[in-house]
Amino acid sequence: MIFPPQSMSILVVEDIAAMRKMVKDSLRLMGLNNVSLAENGEQALTLLGTTRVDLIISDSNMPKMNGMELLRVIRKTPAWRSIPFMMVTAESDRTLVSEAIQEGVTQFLIKPFTYADLQYRVNKITNQVKHAGPAEIVPTAEVAHETPNEAFGHDFGSATILLVGDLSSDRAVATTIGRLHNVQSAANGEQALEMIHIQATPDLVLMEVALPDTSGYEVCRQLKSDPSTAAIPVIFLTAHATSKEITRGFKAGCVDYITKPADPTVLQARIATHIEIRHAKEDLRNHIDALLENARLREDVERMTRHDIKSPLSAIISTADALLQNGPWTKHVAGALETMRDAGFDALNMVNRTLDLYKMETGAYHFEPASVNLIKLAKRVVRELQSEADQKQVRLSLRPASNCVCLGEESLCLSLLRNLLKNAVEASPPGDTVHIMVNRKAKINLLIHNKGTIPENLRDTFFDKYTTANKAQGTGLGTYSAKLMTEVQGGKIRFMSNHKQGTVLHVALEPAFTDGDQQQMAS
616 MIFPPQSMSI LVVEDIAAMR KMVKDSLRLM GLNNVSLAEN GEQALTLLGT TRVDLIISDS
676 NMPKMNGMEL LRVIRKTPAW RSIPFMMVTA ESDRTLVSEA IQEGVTQFLI KPFTYADLQY
736 RVNKITNQVK HAGPAEIVPT AEVAHETPNE AFGHDFGSAT ILLVGDLSSD RAVATTIGRL
796 HNVQSAANGE QALEMIHIQA TPDLVLMEVA LPDTSGYEVC RQLKSDPSTA AIPVIFLTAH
856 ATSKEITRGF KAGCVDYITK PADPTVLQAR IATHIEIRHA KEDLRNHIDA LLENARLRED
916 VERMTRHDIK SPLSAIISTA DALLQNGPWT KHVAGALETM RDAGFDALNM VNRTLDLYKM
976 ETGAYHFEPA SVNLIKLAKR VVRELQSEAD QKQVRLSLRP ASNCVCLGEE SLCLSLLRNL
1036 LKNAVEASPP GDTVHIMVNR KAKINLLIHN KGTIPENLRD TFFDKYTTAN KAQGTGLGTY
1096 SAKLMTEVQG GKIRFMSNHK QGTVLHVALE PAFTDGDQQQ MAS
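So the number in this note's numbering is just where the residue sits in the sequence shown, counting from 1, plus 615.
By construction, these hints were calculated from the structure, which means they are not laboratory data. Treat each hint with caution, since some may be false.
Said to hold, decoys possible - Restraint-style ranges between C-beta atoms, simulated for each label pair: (1) THR857 <-> ARG836: 12 to 22 Å; (2) THR977 <-> ASN676: 24 to 34 Å; (3) ILE631 <-> PRO876: 33 to 43 Å; (4) ALA854 <-> ASP1075: 48 to 58 Å; (5) ASN676 <-> GLU1003: 44 to 54 Å; (6) PHE982 <-> ARG667: 27 to 37 Å; (7) GLN1008 <-> GLN940: 35 to 45 Å; (8) GLN940 <-> LYS1037: 32 to 42 Å; (9) THR692 <-> THR829: 15 to 25 Å; (10) PRO1070 <-> LYS691: 50 to 60 Å; (11) ALA979 <-> PRO678: 40 to 50 Å; (12) ASP957 <-> LYS726: 48 to 58 Å; (13) ASN742 <-> LYS691: 20 to 30 Å; (14) GLN940 <-> ALA985: 24 to 34 Å.
Unchecked claim - EDC-like, lysine to aspartate or glutamate: derived pairs with alpha carbons at most 16 Å apart: (15) LYS1007 <-> GLU1041; (16) LYS1058 <-> ASP957; (17) LYS639 <-> GLU654; (18) LYS974 <-> ASP878; (19) LYS994 <-> GLU1025; (20) LYS639 <-> ASP732; (21) LYS691 <-> GLU1102; (22) LYS991 <-> GLU1025; (23) LYS859 <-> ASP841; (24) LYS726 <-> GLU833; (25) LYS1037 <-> GLU999; (26) LYS1107 <-> ASP1079; (27) LYS679 <-> GLU714; (28) LYS1080 <-> GLU714; (29) LYS1107 <-> GLU1125; (30) LYS636 <-> GLU654; (31) LYS1007 <-> ASP957; (32) LYS739 <-> ASP669; (33) LYS896 <-> ASP732; (34) LYS691 <-> GLU718; (35) LYS866 <-> GLU833; (36) LYS839 <-> GLU718; (37) LYS925 <-> ASP957.
Computed from a prediction, not measured in an experiment: that's the story for all the values here. Glycine included, C-beta positions come from ideal geometry on N, C-alpha and C.
Using the sequences and the accompanying hints, generate a full structural model.
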């Protein structure tokens, strides 16, 4: 394990002052004293403009600019794009997690968290920065879904519970702990705090409010103020529970309040429920870690593919070309060599295109616009896909207008045409006709219409990376790359889909010249 250097500069973005202080104090305990604080995303951006930052720890839910909005700005700004970003959130919504991973989050920290949780993730980020290599596959954790009764048989029975105060004589407590294998007892608050910090952390603390040396409220407050023990659930037992006392207990940080004498069944259910909640939060943290690791693994595989496949492909092309030059060959052999060489060129072009897509994603792509005849390219793609369309019994109908010359890059226009038309053919039922229309209005417009419909659950993410309608060979990159290639050329792409009319994809690109330019050239 590589630990963060003490010179590391950290920016903590959190709107709640107590949380800002707690995170800052925890970082100082790790020896990290170079900590800047911001109350929201806007303040963070101001600090980033004047201060060197090596790590951002940001809450997800803040006024003015929240954590997700801040993350997007960070990843789109070349000077800040490589700064590790840790998102802190109390929400377990997997949509939020997936969105943040897609935006480029480095780590997640789920509230409530302990000092050990924060230290582990800071150290993990340091390791990722120092050893930026292929990620290890981490099995996806499943969040626990046992009922409290099921928890009695597993989580409840194997749990470690700390009893604080004179609870051994309580009938409900005696019945409950009879099911447990690992029960610890502390006579007073001081002994309880000492045991928690020296011995293994308990899964739950069951504590009397009235203790010989102090109050249970004070012990609970001390536990919750320490990041290393803040996640331990505390349940109070008392014979006198007024509304004021119950409110005081919850303010101190307890998770439940039980009046003595307690019903053993109720006490068991409440203990089991809170242990289950704690384990579920731990499983959620593991699940998020797995999602992050697998997202990084996918990026690493893509990166290796882009770089490592080019050399053997170049060798195949060179060998096939050399053999063709050293003929004569029979017509059959020469044709096979040409097929091999052309297939190698196609594969190499695909790899090069993934490199371009990577540059587009990171904002590093350099667009070099030129005049592109979109009708000419559309005719070429129709010819290329005719065989595939025939196999599916799908007709291709191209209706071109005149003077449809856009401002773009020919290779990008060709790729997006291939992707969109191929998708339309695959989505069309047998006997259908795919209509391709190219016209010129204020923009150069490409419209592709087929009778297939986009499933409703995919419409919001249709242009997202890895979205696919369960196609056997689908990569989920076709529409995503088409969107990237359209937008990098200054164009726009959208779709309309319903069961009555099917699906229409509309790409609008800038014209290479205005109508006035066109009339001047004609005269």
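Hint-by-hint comparison with the structure:
1. Taking the beta carbon of each, THR857 and ARG836 are about 19 Å apart, inside 12 to 22 Å as hinted.
2. A C-beta distance of roughly 28 Å is found between THR977 and ASN676, which places it inside the suggested range of 24 to 34 Å.
3. Between ILE631 and PRO876 the Cβ separation comes to about 39 Å, which falls inside the hinted range of 33 to 43 Å.
4. In this structure, ALA854 and ASP1075 meet the distance hint of 48 to 58 Å, their C-beta atoms being roughly 55 Å apart.
5. Evaluation of the 44 to 54 Å hint for ASN676 and GLU1003 yields a pass: the beta carbon distance comes to about 48 Å.
6. The hinted range of 27 to 37 Å is satisfied by PHE982 and ARG667, whose Cβ atoms lie roughly 31 Å apart.
7. About 42 Å separates the C-beta atoms of GLN1008 and GLN940, a value consistent with the hinted range of 35 to 45 Å.
8. Checked against the hint of 32 to 42 Å, the pair GLN940 and LYS1037 passes, with Cβ atoms roughly 34 Å apart.
9. At roughly 51 Å, the beta-carbon separation of THR692 and THR829 lies outside the given 15 to 25 Å, and the hint is violated.
10. For the hinted restraint 50 to 60 Å between PRO1070 and LYS691, the CB-CB distance of approximately 30 Å leaves it violated.
11. At roughly 33 Å, the beta-carbon separation of ALA979 and PRO678 lies outside the given 40 to 50 Å, and the hint is violated.
12. Look at ASP957 against LYS726: about 57 Å separates their beta carbons, and that is inside 48 to 58 Å.
13. Taking the beta carbon of each, ASN742 and LYS691 are about 26 Å apart, inside 20 to 30 Å as hinted.
14. Here the CB-CB span from GLN940 to ALA985 is close to 32 Å, well matched to the stated 24 to 34 Å.
15. Between the alpha carbons of LYS1007 and GLU1041 the distance comes to roughly 8 Å, so the proposed pair stays at or under 16 Å and holds.
16. About 35 Å separates the Cα atoms of LYS1058 and ASP957, which puts this hinted pair outside 16 Å; it is violated.
17. A threshold of 16 Å between alpha carbons decides the hint, and for LYS639 with GLU654 the separation of about 13 Å falls inside it, so the pair holds.
18. Straight-line distance between C-alpha atoms of LYS974 and ASP878 comes to about 64 Å, which puts the hinted pair past the 16 Å bound.
19. Proposed proximity of LYS994 and GLU1025 is supported: the alpha carbons are some 14 Å apart, at most 16 Å.
20. Our distance criterion of 16 Å between C-alpha atoms is met by LYS639 and ASP732, whose separation comes to about 14 Å.
21. For the suggested pair LYS691 and GLU1102, the alpha carbons sit about 15 Å apart, so the restraint of at most 16 Å is met.
22. For the proposed pair LYS991 and GLU1025, the alpha carbon gap of about 10 Å is at most 16 Å, so the pair holds.
23. At roughly 25 Å between alpha-carbon atoms, LYS859 and ASP841 are farther apart than 16 Å, so this suggested pair is violated.
24. Restraint check: the Cα-Cα separation between LYS726 and GLU833 comes to about 22 Å, which exceeds 16 Å; the hinted pair is violated.
25. Restraint check for LYS1037 and GLU999: the C-alpha separation of about 10 Å stays at or below 16 Å, so the hint holds.
26. For the proposed pair LYS1107 and ASP1079, the alpha carbon gap of about 15 Å is at most 16 Å, so the pair holds.
27. Taking the CA atoms of LYS679 and GLU714, the gap is near 20 Å; set against the 16 Å cutoff, the hint is violated.
28. Taking the CA atoms of LYS1080 and GLU714, the gap is about 11 Å. The hint holds against a cut of 16 Å.
29. Between LYS1107 and GLU1125 the alpha-carbon distance is near 9 Å, which keeps this suggested pair within the 16 Å criterion.
30. Distance check on the hinted pair: LYS636 and GLU654 sit about 11 Å apart at the alpha-carbon level, within 16 Å; holds.
31. Of the pairs offered as hints, the one joining LYS1007 and ASP957 is violated, with about 25 Å between alpha carbons and a cut-off of 16 Å exceeded.
32. Using a Cα cut-off of 16 Å, the hinted pair LYS739 and ASP669 holds, with the two alpha carbons roughly 14 Å apart.
33. Of the supplied pair hints, the one linking LYS896 and ASP732 holds, its CA atoms being roughly 12 Å apart against a limit of 16 Å.
34. Of the pairs offered as hints, the one joining LYS691 and GLU718 holds, with about 10 Å between alpha carbons and a cut-off of 16 Å not exceeded.
35. About 11 Å separates the Cα atoms of LYS866 and GLU833, which keeps this hinted pair within 16 Å; it holds.
36. For the hint pairing LYS839 with GLU718, the CA-to-CA distance comes to about 32 Å; that exceeds 16 Å, so the pair is violated.
37. A threshold of 16 Å between alpha carbons decides the hint, and for LYS925 with ASP957 the separation of about 15 Å falls inside it, so the pair holds.
Checked against the numbered hints listed earlier, the structure breaks hints 9, 10, 11, 16, 18, 23, 24, 27, 31 and 36; every other hint is satisfied.
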